[in-house]
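Peer 1: Now for the letters of each chain:
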Amino acid sequence: MDKAKIEKLLDNLTLGLKTDPEIRLDVKSELRSHLDAKIEEGIQSGLSEKESEKQALKSFGDTIQISDEIADANTAKMSFKARFKVFAGFLLIPAVIICELISFEHSILGVMLSSNTLIGPNAYFDALSRNKKKVSWSFQRYTPKERLILYGDKSKKSKAEQQKAIWERFPKSKVYLANYILTLLVKKKDNSGWHKKMFAELQMAKKIDPDNALYNYITAGLLFEKACKISSKSKRINEFDRNIYERKYSIKIKDRKLLEQAIEEYLNGIQKKHLKSYTIVMLCCRLDIIGKPQNIFENLNQIAIAASTFLPHMNYLRNIAQSSLMYAEVLQKEAKQKEALRIVKSWKIYLKQITEDSNYLMGILVGMRIAEFGEKRIPAIYRKAGKIKLAEVATHELNKITTVKKQWKNEGGGLSQSQSI
Amino acid sequence: MAVNSDLMRGVAEPVILNLLNNKKMYGYEIIKVVNEKTNNAFQWKEGTLYPCLHRLEAAKLIESEWQIAENNKARKYYTLTRKGAAVLVEKKEEWAVFAKSVNVLLNATA
Numbered sequence: 000m001d002k003a004k005i006e007k008l009l010d011n012l013t014l015g016l017k018t019d020p021e022i023r024l025d026v027k028s029e030l031r032s033h034l035d036a037k038i039e040e041g042i043q044s045g046l047s048e049k050e051s052e053k054q055a056l057k058s059f060g061d062t063i064q065i066s067d068e069i070a071d072a073n074t075a076k077m078s079f080k081a082r083f084k085v086f087a088g089f090l091l092i093p094a095v096i097i098c099e100l101i102s103f104e105h106s107i108l109g110v111m112l113s114s115n116t117l118i119g120p121n122a123y124f125d126a127l128s129r130n131k132k133k134v135s136w137s138f139q140r141y142t143p144k145e146r147l148i149l150y151g152d153k154s155k156k157s158k159a160e161q162q163k164a165i166w167e168r169f170p171k172s173k174v175y176l177a178n179y180i181l182t183l184l185v186k187k188k189d190n191s192g193w194h195k196k197m198f199a200e201l202q203m204a205k206k207i208d209p210d211n212a213l214y215n216y217i218t219a220g221l222l223f224e225k226a227c228k229i230s231s232k233s234k235r236i237n238e239f240d241r242n243i244y245e246r247k248y249s250i251k252i253k254d255r256k257l258l259e260q261a262i263e264e265y266l267n268g269i270q271k272k273h274l275k276s277y278t279i280v281m282l283c284c285r286l287d288i289i290g291k292p293q294n295i296f297e298n299l300n301q302i303a304i305a306a307s308t309f310l311p312h313m314n315y316l317r318n319i320a321q322s323s324l325m326y327a328e329v330l331q332k333e334a335k336q337k338e339a340l341r342i343v344k345s346w347k348i349y350l351k352q353i354t355e356d357s358n359y360l361m362g363i364l365v366g367m368r369i370a371e372f373g374e375k376r377i378p379a380i381y382r383k384a385g386k387i388k389l390a391e392v393a394t395h396e397l398n399k400i401t402t403v404k405k406q407w408k409n410e411g412g413g414l415s416q417s418q419s420i
Numbered sequence: 000m001a002v003n004s005d006l007m008r009g010v011a012e013p014v015i016l017n018l019l020n021n022k023k024m025y026g027y028e029i030i031k032v033v034n035e036k037t038n039n040a041f042q043w044k045e046g047t048l049y050p051c052l053h054r055l056e057a058a059k060l061i062e063s064e065w066q067i068a069e070n071n072k073a074r075k076y077y078t079l080t081r082k083g084a085a086v087l088v089e090k091k092e093e094w095a096v097f098a099k100s101v102n103v104l105l106n107a108t109a
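Those protein sequence lines, which keep their order, are chains F and W. Position 353 of the first sequence, counting from 1, maps to 352 under numbering that gives the first Met the number 0, and the rest follow consecutively. Position 4 of the second sequence, counting from 1, maps to 3 under numbering that gives the first Met the number 0, and the rest follow consecutively.
The set of hints was computed from the structure by calculation and includes no laboratory data. For clarity, every value in this text was computed on a predicted model and none was experimentally measured. Do not rely on the hints blindly, as some may be mistaken.
A few chain F residues facing chain W, derived, Cβ under 10 Å [stated by the list, open to error]:
{"#": "1", "residue": "SER32"}
{"#": "2", "residue": "SER58"}
{"#": "3", "residue": "ASP67"}
{"#": "4", "residue": "ASN73"}
{"#": "5", "residue": "THR74"}
{"#": "6", "residue": "LYS206"}
{"#": "7", "residue": "ILE207"}
{"#": "8", "residue": "PRO209"}
Here are the computed lysine-lysine pairs in the DSS-like style, where the Cα-Cα straight-line distance is at most 25 Å [as the list claims (entries may be wrong)]:
{"#": "9", "chain 1": "W", "residue 1": "LYS82", "chain 2": "W", "residue 2": "LYS23"}
{"#": "10", "chain 1": "F", "residue 1": "LYS7", "chain 2": "W", "residue 2": "LYS90"}
{"#": "11", "chain 1": "W", "residue 1": "LYS90", "chain 2": "F", "residue 2": "LYS17"}
{"#": "12", "chain 1": "F", "residue 1": "LYS53", "chain 2": "W", "residue 2": "LYS72"}
{"#": "13", "chain 1": "F", "residue 1": "LYS7", "chain 2": "W", "residue 2": "LYS22"}
{"#": "14", "chain 1": "F", "residue 1": "LYS4", "chain 2": "W", "residue 2": "LYS23"}
{"#": "15", "chain 1": "F", "residue 1": "LYS256", "chain 2": "F", "residue 2": "LYS187"}
{"#": "16", "chain 1": "W", "residue 1": "LYS90", "chain 2": "F", "residue 2": "LYS27"}
{"#": "17", "chain 1": "W", "residue 1": "LYS22", "chain 2": "W", "residue 2": "LYS72"}
{"#": "18", "chain 1": "W", "residue 1": "LYS75", "chain 2": "F", "residue 2": "LYS7"}
{"#": "19", "chain 1": "W", "residue 1": "LYS23", "chain 2": "W", "residue 2": "LYS90"}
{"#": "20", "chain 1": "F", "residue 1": "LYS196", "chain 2": "F", "residue 2": "LYS155"}
{"#": "21", "chain 1": "F", "residue 1": "LYS275", "chain 2": "F", "residue 2": "LYS332"}
{"#": "22", "chain 1": "F", "residue 1": "LYS53", "chain 2": "W", "residue 2": "LYS31"}
{"#": "23", "chain 1": "F", "residue 1": "LYS57", "chain 2": "W", "residue 2": "LYS82"}
{"#": "24", "chain 1": "F", "residue 1": "LYS53", "chain 2": "W", "residue 2": "LYS90"}
{"#": "25", "chain 1": "W", "residue 1": "LYS31", "chain 2": "F", "residue 2": "LYS49"}
Sample of chain W residues lacking proximity to chain F, with all beta carbon distances greater than 12 Å (derived) [as the list claims (entries may be wrong)]:
{"#": "26", "residue": "ASN21"}
{"#": "27", "residue": "ARG54"}
{"#": "28", "residue": "LEU55"}
{"#": "29", "residue": "SER63"}
{"#": "30", "residue": "ALA68"}
{"#": "31", "residue": "ASN70"}
{"#": "32", "residue": "VAL96"}
Built from N, CA and C at the ideal position, the CB exists for glycine as well.
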């Protein structure tokens, strides 16, 4: 018997079932048993094995048409299997993981389900602390003081108030103060009530932590936001490379008086000893309390706490850089050289302050972005003011920062090109 | 005289249901019985039978099971389901009306 020929025919007849090997194998076995029976009967009726085989194979007729018809007839069964596979992959496997978690810690599901905010890393964090009765034994090991530092006072209504409670308990701590102010900033609302409260709290924070530029810069950022609008348009300057483009910025002044107030606030920040957002210190405080995770939930909690560290001030720091510099250009056009130079000269300190407070990758990237923004503008303003030496120094110093990004980008581009070849 | 395959298409399913109404059968056996009983007027081929069997199974009118036959070889046997039995009754009635109507028309002298 020419088994290879038979297998080839069976392969062709079941070609339409190739996406489902299990059904294909079943149909193949059925057709093979049919062929075997037919060949055997042919032999019994006096045909040679070869002839019987030839006739049996021939009896199937047009294999392409039959293959299509067999595939059509089995579509429903195949779809069911496909659905089952999806179900198994997307529901059963996570279900098994959830079961594992439940068996490990029975209260987790209740904690998760009772959360109002199931989206985002804070969900677990929120649920955990809001449902004190459901909080598992593993979290009971924290003292009330530690729980306060970890989650804030969850009896308070708003997130900012919850975090404020930590600072109220330890009013001398500049770390908890910054944590409260930044939480308030995260929960920014576009209404006068929020702005009034924010400015009042910033005033208070400036008095408590007089050496810190953070509160001046947040104040300045909020004022710039109201006083002017910076918009940008990107234009490709290389038709072959979509990554090479030029961005043109423009400033639209909405309230000049407010803009000047914002500049003064920014320059007040420049006079300060340092810029400290304390975000990394706050995170370390919390991670110290958790210590070495004792189970998977403490591990998750550690991740949730790290992931819920927000840096809302970074956006304002970048906007201050853009707004102040573009306003300096406006002042120069108005022949107010002295005022323009006062802003431009502050840049070096500003960038230094930001870099020193950059404990996160985000901070470093924002610092780089600011340097990029000033790279051409600052020397240009100096040159227009006749300060050629200062222009050269600024070019050199800003280049030192931006070169890192340019080199990385260029080398990255080279790598992607070689890979595509 | 062999029956045209277009005519065969409409009757294959009720014929299979009726055969399985009497006993469980495997594919090759069905072809043999059909061809014998019709004196080869119905020359069923594998390409006619198997897609038809799989369609009926997908519609849950028949069900299949692998069994070891007397010659110790595995065969896939088909049996009629309850749903299949109900459909068979309908199909028989339908066919009776159809055949009667076709006969009337074919024997009519305008």
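Peer 1: Is the hint on SER32 of chain F kept, meaning its closest Cβ partner in chain W is under 10 Å away?
Peer 2: It holds, given that the least Cβ distance between SER32 of chain F and chain W is near 6 Å, below 10 Å.
Peer 1: Since VAL96 of chain W was said not to touch the interface, does its Cβ keep a gap of more than 12 Å from each Cβ of chain F?
Peer 2: About 27 Å separates VAL96 of chain W from the closest Cβ of chain F, which puts it past 12 Å; holds.
Peer 1: Run the distance test for LYS53 of chain F versus LYS72 of chain W: straight-line Cα separation, threshold 25 Å.
Peer 2: OK: LYS53 of chain F and LYS72 of chain W at ~22 Å, within 25 Å.
Peer 1: Does the alpha-carbon distance linking LYS75 of chain W and LYS7 of chain F stay inside the 25 Å limit?
Peer 2: holds, 21 Å
Peer 1: CA of LYS90 of chain W to CA of LYS17 of chain F, is that 25 Å or under?
Peer 2: violated, 34 Å
Peer 1: Does LYS57 of chain F pair with LYS82 of chain W here, judged by a C-alpha cut-off of 25 Å?
Peer 2: violated, 35 Å
Peer 1: Checking hints one by one. Is ILE207 of chain F an interface residue toward chain W, by the C-beta closer than 10 Å rule?
Peer 2: At 76 Å from the nearest chain W Cβ, ILE207 of chain F fails the 10 Å test, so the hint is violated.
Peer 1: Taking only the CA atoms, is the gap from LYS53 of chain F to LYS90 of chain W under or equal to 25 Å?
Peer 2: Not satisfied, since the Cα-Cα distance of roughly 37 Å exceeds 25 Å.
Peer 1: Take the C-alpha atoms of LYS22 of chain W and LYS72 of chain W, compute the straight-line distance between them, and say whether it is at most 25 Å.
Peer 2: holds, 19 Å
Peer 1: Going straight from one Cα to the other, do LYS7 of chain F and LYS90 of chain W come out at no more than 25 Å?
Peer 2: Given that 25 Å is the threshold and the Cα spacing comes to 38 Å, the pair is violated.
Peer 1: Double-check LYS206 of chain F for me: the hint is only fine if its C-beta lies closer than 10 Å to a C-beta in chain W.
Peer 2: violated, 79 Å
Peer 1: Quickly compare the C-alpha distance for LYS4 of chain F and LYS23 of chain W to 25 Å and report which way the hint goes.
Peer 2: violated, 31 Å
Violated hints for the displayed structure, listed by number in ascending order: 6, 7, 8, 10, 11, 13, 14, 16, 21, 23, 24, 27, 28, 29, 30, 31.
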